[in-house]
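Q: Going line by line, the protein sequences match chains A and B. Its first residue numbered 1, the first sequence is counted upward by one per residue in our numbering. Its first residue numbered 1001, the second sequence is counted upward by one per residue in our numbering.
No wet-lab data here; the hints were simulated from the structure. Hints may contain errors.
Straight-line distance between alpha carbons at most 20 Å, and here's what the computed SDA-like set of lysine to any residue pairs gives [what the hints assert, rightly or not]:
(1) B:K1025 <-> A:A77
(2) A:K392 <-> B:M1096
(3) B:K1050 <-> A:P132
(4) A:K388 <-> B:G1092
(5) B:K1050 <-> A:E374
(6) B:K1100 <-> A:R391
(7) A:K392 <-> B:E1010
(8) A:K296 <-> A:P132
(9) A:K388 <-> B:L1070
(10) B:K1100 <-> A:P132
(11) A:K388 <-> B:R1107
(12) B:K1100 <-> A:L396
(13) B:K1127 <-> B:E1150
(14) A:K392 <-> B:A1108
(15) A:K388 <-> B:K1100
(16) A:K388 <-> B:T1097
(17) B:K1223 <-> B:P1087
(18) B:K1050 <-> B:E1010
One side of the interface only, derived from the structure: several residues of chain B facing chain A at Cβ under 8 Å [claimed, not checked]:
(19) Q1015
(20) L1070
(21) A1072
(22) V1077
(23) I1088
(24) A1102
(25) A1105
(26) Q1106
Interface residues of chain B toward chain A, partial, derived using beta-carbon atoms under 7 Å [as the list claims (entries may be wrong)]:
(27) E1003
(28) K1005
(29) P1026
(30) A1078
(31) I1090
(32) V1093
(33) A1094
(34) M1096
Idealized CB from N, CA, C, for every residue including glycine.
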Amino acid sequence: MTAQNQRVLSAAETGFVEAFAATHGKQSDGLSEARRAAMARFEAAGLPHRRIEEYHYTDLKAKLRSAIALSARAEVAAPGALGEVETQGRLVFVNGRFDAALSNVEALAGKISVSAWAEKAEAPAHDTAAFPRADALVDLNTAFVQGGATITVAGGEKLEKAVEIVHVAKGEGASFSRIDLVVEAGADVLVLESYQGDSGAYLRNTLTTLEVGDNAKLTWVKLQEEAESATHLASASANLGKGAELSQFLFDAGSGLSRSQFAVAFNGEGSNAALRGVSLLKGDSHADITLSVDHKVPECDSREYFKAIVDDKARSVFQGQILVKPDAQKTDGQMMVQSLLLSESAEVNVKPELEIFADDVQCAHGSTTGEIDEDLLFYLRARGIPEKEARKILILAFLGEVIDELDDARIGPLLTSRISNWLHV
Amino acid sequence: MLEIKNLHAEVEGNQILRGIDLTVKPGEVHAIMGPNGSGKSTLSYILAGKEDYEITEGSITYNGVDMLELSADERAVAGMFLAFQYPIEIPGVATMTFLKTALNAQRAARGEEELSTPDFMKLVREKSKDLKVTPEMLRRPLNVGFSGGEKKRAEILQMALLEPTLCILDETDSGLDIDALRIVSEGVNQLRSPERSMIVITHYQRLLDHIVPDVVHVLSKGKIVKTGGKELALELEANGYADYVGEEA
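Make a model of the complete structure from these sequences and hints.
A: In structure tokens:
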């Protein structure tokens, strides 16, 4: 009767298990132990499905149907500039592996140290606490990670120009990369990260850990511009020290299936995290943003502000959890999600979760879902602006509010032009 | 020339306009007065091309073109302009950007070249001065946080910039104090010309002291029940609408 208790692996799950046996089953690298443990967890739990609460709206077991091979090394042309942003230094990853030839880390010398790798033999031993909860995507990343970098911004370094991290995918296959970013005390850095790929049906799994030291500031802008047929599975965690500041912006516009999960923990008093983003969805794309903010200590502010444009049969999922632990008095946690539906078949699922165990806190969440306001549209048209253009103006204005709140002149224009480009397609 | 013939319109099954006939020649200013609910604002929205109404009978032609075949933006390009009773607030769209977009959209639709930014700025500065529209207002999102008077002045500024040939002013006097009324009226009067027609919709005669009409119509229950000269407005101010509303009742 044991057969009944044995889970049947799906084709995709079997694919991962077999790929692991072939690649890492016997060989050893710095991560071997962690890889095997992660694979064992994955094999036991499988891909997350709708009965797992965190994945209720994004059933990966149902969505990832067939086995996908691991990506091969590939050569690509140097990716173009990401936009009108002043940059210094660049890290390029191709199919998950660091590409030294396309990167320029010398420019960062003295201020930022970079330790990047692309060979299994170079893989550093990672800690196991990269993500605060057990998660299949994190386990897959740990099991398969093909390349990565540890980037450390030296204490007190205040860098105006952006550090670029560009992830390129070529061909089909699954790529796994990991970035560990440490911003030491008093430092200030802008990281502009882009995910892009050619038209292949590839899968990307990334893991990012962020350590923002005492009184340090990190602005992390992520451009998710994967190919339409791609799957983008991203996990990130952040730990904030005392008086630290994290400003995150997610431009979420690519891939047919995406999951962007981000867990933020406040470990030191008086720190501040602002997570913002826009999702631009069309076709039958499915984009999931799942956030959790852990207020462990007093006097920290968290702000979540996301907007989505959902056209055609696309589906936008937003889950936001704010946890305020008993010690976290004087917490201010605010969450706002606004969606604009451009089609009757578009769908939005929003799940806010507030768990508050302290009594002197301010927490609020709000969510709106609607269509373009016909009165606004008529006003613009009555002035001679054609309908199509009037709609674009209103969408841009709707999304622009998040960029305005970000209030960062270094990247505002880049984000605005990204949105304009998307609207003109 | 605007010609409205036997115009019937309804919204959600309720008949609002019940056979309007109106001809406005170039250069003429027509006032349309009437009690609440007589269909004044509906008429202005229908002229401008709002899609919430069903035209069940009749026609609207402007310079020989069937307006009912045109969308709101095409009507604007054809020379129509509706100054809204309640100008819409549009967060996230700077007034200046909006003005430039509207002007250039109309120019493009007419096959004219777009105005360069310096030329446009010069034009806006020139037109805003008399209307007391400050550069600060132009930087703000369209109508957001504008006072009642500022909104109406901004409407007239749009009118001055877009240079329509048929201006429909829907209760432009509502919410204005005496000074603002004077500024707005002067702005409108400056735009009077032999080529430009105006339809001034109002409850009160006081606006017509400033913008003197050639013809005054009384609208009641979706029909024009009386037409006269500017003295008709004075008579209505003195006696109210009871005489005309009564006839229909």
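Q: For each hint, tell me whether it holds in the structure or not.
A: These are the hints, each one checked on the structure:
no. : hint                : result
1   : B:K1025 <-> A:A77   : violated (67 Å)
2   : A:K392 <-> B:M1096  : holds (17 Å)
3   : B:K1050 <-> A:P132  : violated (54 Å)
4   : A:K388 <-> B:G1092  : holds (18 Å)
5   : B:K1050 <-> A:E374  : holds (10 Å)
6   : B:K1100 <-> A:R391  : holds (16 Å)
7   : A:K392 <-> B:E1010  : violated (30 Å)
8   : A:K296 <-> A:P132   : holds (13 Å)
9   : A:K388 <-> B:L1070  : holds (15 Å)
10  : B:K1100 <-> A:P132  : violated (51 Å)
11  : A:K388 <-> B:R1107  : holds (17 Å)
12  : B:K1100 <-> A:L396  : holds (16 Å)
13  : B:K1127 <-> B:E1150 : holds (15 Å)
14  : A:K392 <-> B:A1108  : holds (17 Å)
15  : A:K388 <-> B:K1100  : holds (17 Å)
16  : A:K388 <-> B:T1097  : holds (17 Å)
17  : B:K1223 <-> B:P1087 : violated (26 Å)
18  : B:K1050 <-> B:E1010 : holds (12 Å)
19  : Q1015               : violated (22 Å)
20  : L1070               : violated (11 Å)
21  : A1072               : holds (4 Å)
22  : V1077               : holds (5 Å)
23  : I1088               : holds (4 Å)
24  : A1102               : holds (4 Å)
25  : A1105               : holds (5 Å)
26  : Q1106               : holds (4 Å)
27  : E1003               : violated (21 Å)
28  : K1005               : violated (23 Å)
29  : P1026               : violated (20 Å)
30  : A1078               : violated (9 Å)
31  : I1090               : holds (6 Å)
32  : V1093               : holds (5 Å)
33  : A1094               : violated (9 Å)
34  : M1096               : violated (13 Å)
Violated hints for the displayed structure, listed by number in ascending order: 1, 3, 7, 10, 17, 19, 20, 27, 28, 29, 30, 33, 34.
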